[in-house]
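These protein sequences, in sequence, are chains A and B. Under UniProt numbering, the first residue of the first sequence carries the number 1, and numbering increases by one thereafter. Under UniProt numbering, the first residue of the second sequence carries the number 1, and numbering increases by one thereafter.
Treat the hints with care, since some could be wrong.
Unchecked claim - Going by beta-carbon spacing under 8 Å, a handful of chain B positions derived as facing chain A:
{"no.": "1", "residue": "MET380"}
{"no.": "2", "residue": "SER383"}
{"no.": "3", "residue": "GLU405"}
{"no.": "4", "residue": "LYS535"}
{"no.": "5", "residue": "ILE546"}
{"no.": "6", "residue": "GLN550"}
{"no.": "7", "residue": "LEU556"}
As the list claims (entries may be wrong) - Some residues of chain B that are not near chain A, with every Cβ distance over 10 Å (derived):
{"no.": "8", "residue": "GLY189"}
{"no.": "9", "residue": "LYS196"}
{"no.": "10", "residue": "ASN215"}
{"no.": "11", "residue": "ALA220"}
{"no.": "12", "residue": "THR244"}
{"no.": "13", "residue": "LYS297"}
{"no.": "14", "residue": "ILE300"}
{"no.": "15", "residue": "LYS314"}
{"no.": "16", "residue": "HIS320"}
{"no.": "17", "residue": "GLY335"}
{"no.": "18", "residue": "GLU367"}
{"no.": "19", "residue": "ILE370"}
{"no.": "20", "residue": "GLU451"}
{"no.": "21", "residue": "PRO459"}
{"no.": "22", "residue": "GLY498"}
Because the hints were derived from the structure by calculation, they are not lab data. Cβ atoms here follow ideal geometry from the backbone N, Cα and C, with glycine treated the same way.
Protein chains: 2
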Amino acid sequence: MALKARALYEFNSENPGEISVKENEVVTLYSEQDIEGWLEGSNSKGERGLFPASYVEILKNDTASTFNNNSTSGSRYANIPTGVTSPGLTALSPPAPAQQQPIYQASQGSDEDWDDDWDDSSTVADEPGVVGVNYQRDFDGNGPSTYRLSTSMSKGSNVQQAKSSATVSRNLNRFSTFVKSGGEAFVLGEAAGFVKDGDKICVVTGQYGPEWQENPYPFACTIDDPTKQTKFKGMKSYIAYKLTPTHTQTQVNRRYKHFDWLYARLVEKFPVISVPHIPEKQATGRFEEDFISKRRKGLIWWMSHMTSHPVLSKCDVFQHFLTCNSTDEKSWKQGKRKAEKDEMVGANFFLTISTPSGPPLDLVEVESKIDGFKAFTKKMDDSVVQVNATTNEFARKQITGFKKEYQKVGQAFKVLGQAFELDQQAYSVGLNQAIAYTGEAYDAIGDYFAEQPRQDVDPLMDLLQLYQGHLANYPDIIHVQKGALTKVKESQKHVEEGKMDAPQADGVNERCNIISFATLAEIQHFHQVRVRDFKAQMQQYLTEQIGFFQKITGKLEEALQKYDNA
Amino acid sequence: MALKARALYEFNSENPGEISVKENEVVTLYSEQDIEGWLEGSNSKGERGLFPASYVEILKNDTASTFNNNSTSGSRYANIPTGVTSPGLTALSPPAPAQQQPIYQASQGSDEDWDDDWDDSSTVADEPGVVGVNYQRDFDGNGPSTYRLSTSMSKGSNVQQAKSSATVSRNLNRFSTFVKSGGEAFVLGEAAGFVKDGDKICVVTGQYGPEWQENPYPFACTIDDPTKQTKFKGMKSYIAYKLTPTHTQTQVNRRYKHFDWLYARLVEKFPVISVPHIPEKQATGRFEEDFISKRRKGLIWWMSHMTSHPVLSKCDVFQHFLTCNSTDEKSWKQGKRKAEKDEMVGANFFLTISTPSGPPLDLVEVESKIDGFKAFTKKMDDSVVQVNATTNEFARKQITGFKKEYQKVGQAFKVLGQAFELDQQAYSVGLNQAIAYTGEAYDAIGDYFAEQPRQDVDPLMDLLQLYQGHLANYPDIIHVQKGALTKVKESQKHVEEGKMDAPQADGVNERCNIISFATLAEIQHFHQVRVRDFKAQMQQYLTEQIGFFQKITGKLEEALQKYDNA
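With the rest of the complex left out, here is chain A (with noise of 0.2 Å):
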C-alpha cells in the first residue's frame, strides 16, 4: 500500500517542480523522507511534484488522523495561518490599494510578529512554522557554494544539490524571512562572490553606534509635471515623471511601472534595508488629477529617502534608474538585464558590507537595542496608527461640519443683512453692508476649513504612509538579525557538545556581526530620518496650520473694518 499524507493547509504552487494541494486533500508519498523540508509526491488530479512537509501529516496505519493530533510536528504548525503569506511576502508586494490606511491593514495583519516571544534557550530559530530537524552535513564556511534566492532553492534540479549534512540547524520554511533574504545562507558561510570596490558598502562606528558611511557625493532628485504619453499608436497610454537628479541635472522620464520594478529589484537586493514603499497600485482613475497629483507626492516622499540613504541612493540599479537615457531602449534594457541578474543579492549583498575595524560588536548589546528598536517600532506603528485615524477624520470634520457651521453663521448674518436692508434709512446702509460683508467672510471660513486639509493633513498623512510602509518592512529586518543571533548560539552549543570545531563557530560569529552592523546601522539611519522628517513635517504642518489661522484672523479684520464707517 502506498504511503499517502494528508493535506493540513492548502498549499498553492509557485515554482516549478512544486504541485498544489487543497486542504485535506490526500497525497500520495513517493518518500517518506523529506529534502530540505520538501516531501515529493503526487496529488489527487495526478500531478507529480514537491510540497512543504510541514503542510501535511503522514497517515499511519490507514487510521485517520484527528486535526487536533500531539504529534510535535502537528503542533508545531498549529499557528500557521491558512494561506501562506508571511510578513517576509507582504514587504514584497507593495501594498493592496486602499482607501486611508493600507499600511495600517498590513501592520496589522502582522501583530504576530510583533508579539511572537523570541525564546533564548530554542535550537531553532523560532519563526512560527520553522521546523527543528537537524541535518547533517559537511560544513564548509571557505570552499564557494552555489547560492540562489531561496524560492529558486526549491526547484527540482537543485533539490538534490541542497540535500546535504550540517552541524546547525536550518529553517526549513521556505516562508522564513531568515531564509528568503539570505540571511542563513551567509550565516552558514552559504554566500560566495566577487566583491568589487565600488559594490563595498561601509559601515562605520559614529557618535550613537554603528551608522552607513555617508554618500560622499550626496545628491537630490526632483518629480515634475507627470504627463500622460502614449505608445503604439495612442493604443496604450501612462503617465510619465520627469525626474531630474542634481548630480546629473539631466531629466529622465519614469513610468510607475519603472519605480515598481526598481522596488522589487531593491526588495531583492537588500535583505536589513528599510526600502522605503512605493505609492500603492491603483486600477481605476489612474489618468486622474488628483490621483497624479498624490502619486507624484508619495513618490516625492519616496525620492527623499531613496537619495537621502547611504546604500540605497549609491546602488548600481537605483543609477541606472536615475541616469538612463528614456529614449535609449537599448542601454535600458542592458541595464535592467544586469540588474536582474545581479549576483550580489540578497545572502551576497552581506558580503559587500565591511565592518569596523575593532572588535566585534557585543551580542546582549546588540540583542537588548534590536528588542528595543522592535517595541519601539511596535509603538510607534501604533502611534501613527492613531495620528492617521485622527487627522484622517479632522480633515474629513473640516471639510463637511466646520465647513457647513461657518457657512450656517455665514448664511444667518447674510439674512440678517437682507432683512435691515428693508430699512431704506441712509444711517442703517453701512451697517447693512458690513454685515452682508461679514456673512460673506464667514462663508470664505467655511472654505478655508474645507481647503485646508489638503495643505497640511494631507502631506502629513503621504509621511505617515511611508512610515507605515518603513515599520512594516522591520519585523523582517529584525527577524534576519534574530535569525543570525540564534544561529551563534546554535553554533556555540554545538561547539560544547563537540559537534562542531571552533573555527567554524567563529565563522559564524563573525558572519553575523556583519548582519548586526548592517542592523544597527539601519536602525540608526532610520532614527535620524525620522528625525529629519517628522520635525519638517511638524514645522511644515504647523506653519500651514498658523498661515490658515492667520487667513481666518485677516477675513474677520477685514469684516470688523467695514463697520468702521457704518
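Chain A is fixed; fit chain B onto it per the hints.
Then chain B, alone, in the frame of chain A:
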C-alpha cells in the same frame, strides 16, 4: 322657552361678573341684546354673568346650527384661534421660561398678526374678533369721560355706564389691543386728564421724520454684583442687584420682582412704546451663579434700552425705581402707590404727547410707513430667529464637536511624542518635547473652542433675545396705529353720510395724528437703537472672534518655536 346660545369657543372668565363657558356648551341668555359685545346669561353650571357675544351663536327656532354657519357674524370669527390670548396679552406677560428661544416661540405664535390683511374699505378695525355693530351714542369730544383700562370696563358695575351711543364704531372685542391700550378711547375723545408740564412728551421733526425729543439730561445706569440677601431672619432669600444711575451716583438695591413690577407699570402706561422685555422668570436654580450672571447681563441690556429711550428714561416710575433709597421702605411704598394710581396711563398717555407745529402727517404716507415697518419687523424677526438658532447651534458644536476634534488631534500627537520618547537617542529629545508640546497646544485649542461661545455667541444671543422682545411688541403697536387710522376713515365716511359733523371728525383726525406722530417717533427710535446695538454687537463679536483666532495662532506659534532647537 328660554333663549339659548351655543359657545363656539372656550372662554375662561378673568374678572368678576364674567362666567366661563366651554366650547359647544349651551348657555341660557337673559337677552339677545349684547352690551358692548357682552351677553349676560347662565352657563350649564348655573353660574350667572357675562361672556363675549362673539364667542357664542344664538340658537333660534330650535334648529341646531352648524358650526360652519354662513351668517356674517359667524364667518367673521372663523379666524379666531381657540384660547383667547391676543398678542397684546402675550406682550403683557413676561415670556415663559424656555431654554433657547422664548421670544421666538412667542413671535411664532403671533404669526397671524404678521399676516393679517388690513382691509381699508372696512368700516371696522379688522382685528380678528372685532364685531362690526354700530352703537348710536352721543359723541362729545370735549366733555371729560371716565377712562379705565379695557379690562376694568367689563366689570359689572361699569357695563351700564359704558353702554352709550356713538357715531363711530367701537371694537367690542375687549382683547383688541387697540381697545386695551386705550388707543380707541383716546381717538374717540374719551381720554381726559390734567397734563403737568413735567409730563409733557415732545415729538419733534428730525432729519428722518418724527422722533422723540432727546432727553436733555441723558444718563446711564450700571448693574453690579448681584448679592444674595435674606429677610425674615433668613427664611426668605433673594438676589439683589446694585444699580447705580450716573445722574445720582447713588447705589440702590433692586430685586427681580421690582423690575417685574416696573415692567408691568411701563407696559400699562405706554401704548405705542416698545418696552424692552425683562429677562424671563425662572422657578428653579435662581441662586445658581450662571443664572445670576446671565440674568444680570439681560438686565444690563434692558437697562441700556431703558436709559437710552427718551420717553421711558424720563418717566416718574422709572426714576422712582432708580433713585428711591432701598432702605426707606416708606418712600418706596409711597412712590409705588403713586405709580399704580397714575392717571396718565393708556389713553391718557396720548394726552401728554405734544406734536410738532405744522401740518398734520399725511395719512397715506403714515400708512405706507407703518406697512413698510411691519414688513421690516417680520423679516427682521425671521432673521433674528435664524441667527439665534444658528449661533446657538454653532456654540454647541464648538463646545462639543470642535473641542473634541482638536483634542483628539492633540491626543494623537501626544501619543506620537510618547512613542518617540522610547527612542533614547540624544538627537531625538528636542523633537519629542516639541511634539508633546504640540499635543498640549491642540488640547488647549480644543478648550479655547469650548470657552469661546461665552465670549462672543452669548452676548450676541442676549442682544437677539432683547430684540425678539421688541419685535414681539410691535404687532400691538402697529395695531393701535392701524386702529386709529381706521377710525379716521370711519369718521370721514360718517361725515359724508351726514351721521357726524365735521368738527367731531376733525377731532378724531387730530387725535389719530398724535398717535401717528408717537408711533413714527417710536419706530424711528427703534431703528436708531437697532443700528447702534447691532453695530456695537457685531463689532464686539468680530473682535472676540479675531482675538480667539489670534490666541489659537499664538499657541501654534509657541508650538512651532519648540522645533527650532529640536
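Comparing the hints with the structure gives:
1. At about 4 Å, the closest approach between the beta carbon of B:MET380 and any beta carbon in chain A falls short of 8 Å, and the interface hint on this residue holds.
2. Given hint, B:SER383 at the interface with chain A, holds; its Cβ is 4 Å from that chain's nearest Cβ, closer than 8 Å.
3. Hint status for B:GLU405 relative to chain A: holds, with the closest Cβ pair at about 5 Å, below 8 Å.
4. Against a cut-off of 8 Å between C-beta atoms, the interface hint on B:LYS535 holds, since the closest Cβ of chain A lies about 5 Å away.
5. Interface hint status for B:ILE546: upheld, as the beta-carbon distance to the closest one in chain A is roughly 5 Å, under 8 Å.
6. Proximity of B:GLN550 to chain A holds as hinted, the smallest CB-CB distance being about 6 Å (cut-off 8 Å).
7. For B:LEU556, the interface hint holds, since its Cβ comes within 8 Å of a Cβ in chain A; the closest pair sits about 5 Å apart.
8. Every beta carbon of chain A lies more than 10 Å from that of B:GLY189, the smallest distance being close to 34 Å; the non-interface claim holds.
9. The non-interface label for B:LYS196 is consistent with chain A: the shortest C-beta to C-beta separation is roughly 34 Å, beyond 10 Å.
10. The claim that B:ASN215 is not at the interface with chain A holds, since no C-beta of that chain comes within 10 Å of its own (minimum 19 Å).
11. No Cβ of chain A approaches the Cβ of B:ALA220 within 10 Å, the least distance being about 22 Å, so the stated non-interface status holds.
12. Non-interface call for B:THR244 relative to chain A: holds, since the shortest CB-CB distance, roughly 30 Å, exceeds 10 Å.
13. Remark: the non-interface label on B:LYS297 is consistent with the geometry, its nearest Cβ contact in chain A lying 21 Å away (cut-off 10 Å).
14. The beta carbon of B:ILE300 sits about 22 Å from the closest Cβ of chain A, which is more than 10 Å, so the claim that it is off the interface holds.
15. With a minimum CB-CB distance of about 24 Å to chain A, B:LYS314 clears the 10 Å threshold, and the non-interface call stands.
16. The Cβ of B:HIS320 lies farther than 10 Å from every Cβ of chain A, with a closest approach of about 34 Å, so its non-interface assignment holds.
17. With 10 Å as the threshold on Cβ separation, the claim that B:GLY335 sits away from chain A holds: the shortest Cβ distance comes to roughly 38 Å.
18. The claim that B:GLU367 lies off the interface holds: its Cβ sits roughly 16 Å from the closest Cβ of chain A, which is beyond the 10 Å cut-off.
19. For B:ILE370, the condition that its CB be more than 10 Å from all CB atoms of chain A holds, with the nearest at approximately 13 Å.
20. The non-interface label for B:GLU451 is consistent with chain A: the shortest C-beta to C-beta separation is roughly 16 Å, beyond 10 Å.
21. The claim that B:PRO459 is not at the interface with chain A holds, since no C-beta of that chain comes within 10 Å of its own (minimum 15 Å).
22. With a cut of 10 Å on Cβ distances, B:GLY498 stays outside the contact zone with chain A, its closest approach being about 42 Å.
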